[in-house]
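Those sequence lines, one after another, are chains C and U. Residue numbering for the first sequence follows my numbering, beginning at 38 and increasing consecutively. Residue numbering for the second sequence follows my numbering, beginning at 622 and increasing consecutively.
No wet-lab data here; the hints were simulated from the structure. Given the structure is predicted, the values throughout are model-derived calculations rather than measurements. Where hints are given, some of them may not hold.
[Said to hold, decoys possible] So, partial list: chain C residues that the calculated Cβ filter (under 8 angstroms) puts toward chain U: (1) P46; (2) V48; (3) L151; (4) R209; (5) S292.
Ideal Cβ positions, reconstructed from N, Cα and C, are used throughout, including at glycine.
Given next are the chains, with one letter for each unit.
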Amino acid sequence: MLSSAILFPAVLNGLLTGAVYALVALGLTLIYGVLHIINFAHGALLSAAMFAAFFAFRLLGIDPYVAVFLLAPLFFTFGYALQRFIIGPASHRNDRNMLLVTLGIAVVIENALLYAFRADTRTIDVPYAFETVNFGFTFLAVPRVIGFAAVFVVALALWLIMNCTDIGRAIRAVAKERLGAELVGIDVAHVYAMTFGLGTACVAVAACLLIPNYYVNPSVGNAFVLVAFTIVVLGGMGSVPGALIGALLIGVVESLSGLFLGESLGQVGIFVIFIAVLLVRPNGLFGARA
Amino acid sequence: MSDQKFPFSRRQFLATTAIGAAVAATGSVAMPSVLRAQGTPVKLGVLHPVTGALSYSGQQGRLGATTAIEEINAAGGVKGLGKIDAVLGDAQSTPEGGTAEVEKMNSAGVACVVGGYASNICLATTQAAARYELPYVVDVGVADGIVTRGLKNTFRFGPGFGVISKTALANLAAINDHAGKPAKTVMIVHEDSLFGSGLAKLLNAQLPQQGFQILETIPHPTPTRDFNNVVLKIKAQNPDIVIPANYYNEYVLLARTMRQQQIKLKGIYSVLGGAASSYKFVKEFPEAAKFIMDCNHWFDPRNEKAQALKKKVEGKGQFFTYEVYMNYSCVYLIADALQRAASADRAKLTAALASSTFAGHVMPYGPTKFVNGQNEGAAPVNTQVLDNDIKVILPPSFANAKPIFPMPA
Chain C
38 MLSSAILFPA VLNGLLTGAV YALVALGLTL IYGVLHIINF AHGALLSAAM
88 FAAFFAFRLL GIDPYVAVFL LAPLFFTFGY ALQRFIIGPA SHRNDRNMLL
138 VTLGIAVVIE NALLYAFRAD TRTIDVPYAF ETVNFGFTFL AVPRVIGFAA
188 VFVVALALWL IMNCTDIGRA IRAVAKERLG AELVGIDVAH VYAMTFGLGT
238 ACVAVAACLL IPNYYVNPSV GNAFVLVAFT IVVLGGMGSV PGALIGALLI
288 GVVESLSGLF LGESLGQVGI FVIFIAVLLV RPNGLFGARA
Chain U
622 MSDQKFPFSR RQFLATTAIG AAVAATGSVA MPSVLRAQGT PVKLGVLHPV
672 TGALSYSGQQ GRLGATTAIE EINAAGGVKG LGKIDAVLGD AQSTPEGGTA
722 EVEKMNSAGV ACVVGGYASN ICLATTQAAA RYELPYVVDV GVADGIVTRG
772 LKNTFRFGPG FGVISKTALA NLAAINDHAG KPAKTVMIVH EDSLFGSGLA
822 KLLNAQLPQQ GFQILETIPH PTPTRDFNNV VLKIKAQNPD IVIPANYYNE
872 YVLLARTMRQ QQIKLKGIYS VLGGAASSYK FVKEFPEAAK FIMDCNHWFD
922 PRNEKAQALK KKVEGKGQFF TYEVYMNYSC VYLIADALQR AASADRAKLT
972 AALASSTFAG HVMPYGPTKF VNGQNEGAAP VNTQVLDNDI KVILPPSFAN
1022 AKPIFPMPA
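Produce the entire structure from the sequences given, and follow the hints as far as they go.
Printed below as a string of structure tokens:
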């Protein structure tokens, strides 16, 4: 039954699903991978961003692909403020405190969303929701194809920021040696906040690209975050290409294991590959050697 | 737990605290049903999964129950007993969460619990309630095991798997026969917890007896992020009918993906389909919902009370989903039993529920009669999405439209 007629579309679907994972993982690889903040609020922030994209469309009639240019700066500012005024001061540079503070923020955001919007599942019906690209052997939904293309743009932009700008160099310096960076005059608190802001902006981009083809409710972000953490470690902590390639790999593995083992066991494939890769490359696919 | 922001005034709070302190000082501890005097509210546990994966259904269920309680209280409460005080609980979409809430409700001295929603939650919560001989009215939970364990405290007002699948299959065969038997092959897509798996098992046993060949049965978890692979399998097998049995979010994703992949079917026939009988789905995705048939819980469209309730719920900006009117009816069932028992005593209330002949509900049911906790009068109906609305197509006694099958290309 599993002929090439079903196998090729499954691989393509896996790549498209992987692109969605990549969008979520790119933000996380900055926050978790570079600054080692285990950001439990990442999923809740994704839910919040999806609600923002939803209401931008529903109330203001702004298409999600346009809203991205509005929500990315907005969430950057929100992320910056969150780190600068809440996570940073409350954690006192202690990793365990950061973990607990972000967990607390996640609970607050999710419950605030639940209180404000109930647990209703909401969807938007954009005119192109059911439009597909015909590949002959399969149809691919237009929003998923756009998401796939956009993830490369986002990854390239992030890579350029990290490698060709002063703030990127500062982020990498702080990640490698915080005290040293401080000694040479880098404002570490500002760099932390900028990184967190960038990660949160990525979440807003992910939300805008997800919403045309997915639903939103207060806990929707959680469905993506565990996979995103896995991808960040698999791809190599802090590596933008690693997050991208890792996400696409995980998408394909999940798709194929779902096909062969059944949807209920599809997730098993992710963690089998995860363990296998880490056994061979303990620092992840693109991680720097310790 | 109450959802009122300020349930007490300062004076009420001080008075209650003083009474509590006095009771504590004298060391007298008694069940609230014994302490309860005329005019003191009867506590009713309203338990739903209002957070987690099932939160939408849970919140709808809570809406139905609290709407009924508001109505009953506005009319003066239960005759002879006074008003009903809702003790709200969140099962957090897990059996453990539900069990913990039953423990809390028991400590709070509730006379009865209504709700649970999901089968696996109901199985756990009814058992927890049975330890305290606490009457429990299951709102939805369809697994037959809920009422076949001999628990004297457990009552289910709605139909269970057995009746639903039997009715669904008989109606599917009738619809197919009436159309000249165009459909011969079937694929089942179901969620993999107790609800979906139990239903799939029953369908697998009974569909071949109705002359249908099952090409494949595909389980999936809740939540499932992507249905493209499932739809690829459907496309490869090319069945005449797809039978989805899953919760709302997954149902919507599956239906959308089938439409995106341009799957051509003679029919989508759901059994307890999470979204197939949902006004929300029909409103948001009219094209994907068109002609979908479902065998599900539904209200009596010819009942004026049901239509008034629909208007009321929609007036609150909410969708009139089955969780709403199932819970609404269950609360009225309990109120009726409380009135006949003339007491909030758990044993008396259990006896009153067991002998119930409750008729003032909004469901298309026969006379209420509990046998081993199951209402024998309960039955599902068949609906179909026609003209951007959900119509009842079977049984003829409640129908307000005729089925369209096979669905037009």
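Verification of the supplied hints:
Look at C:P46: its Cβ gets to within about 5 angstroms of chain U, closer than 8 angstroms, so that hint holds up. The criterion of a C-beta within 8 angstroms of any C-beta in chain U is not met by C:V48, whose closest approach is roughly 11 angstroms, and the hint is violated. The interface hint given for C:L151 holds, since its Cβ lies 7 angstroms from the closest Cβ of chain U, which is under the 8 angstroms cut-off. With its C-beta approaching chain U no nearer than about 33 angstroms, C:R209 sits outside the 8 angstroms limit, and its interface hint is violated.
Against a cut-off of 8 angstroms between C-beta atoms, the interface hint on C:S292 holds, since the closest Cβ of chain U lies about 6 angstroms away.
In summary, the numbered hints that this structure violates are 2 and 4.
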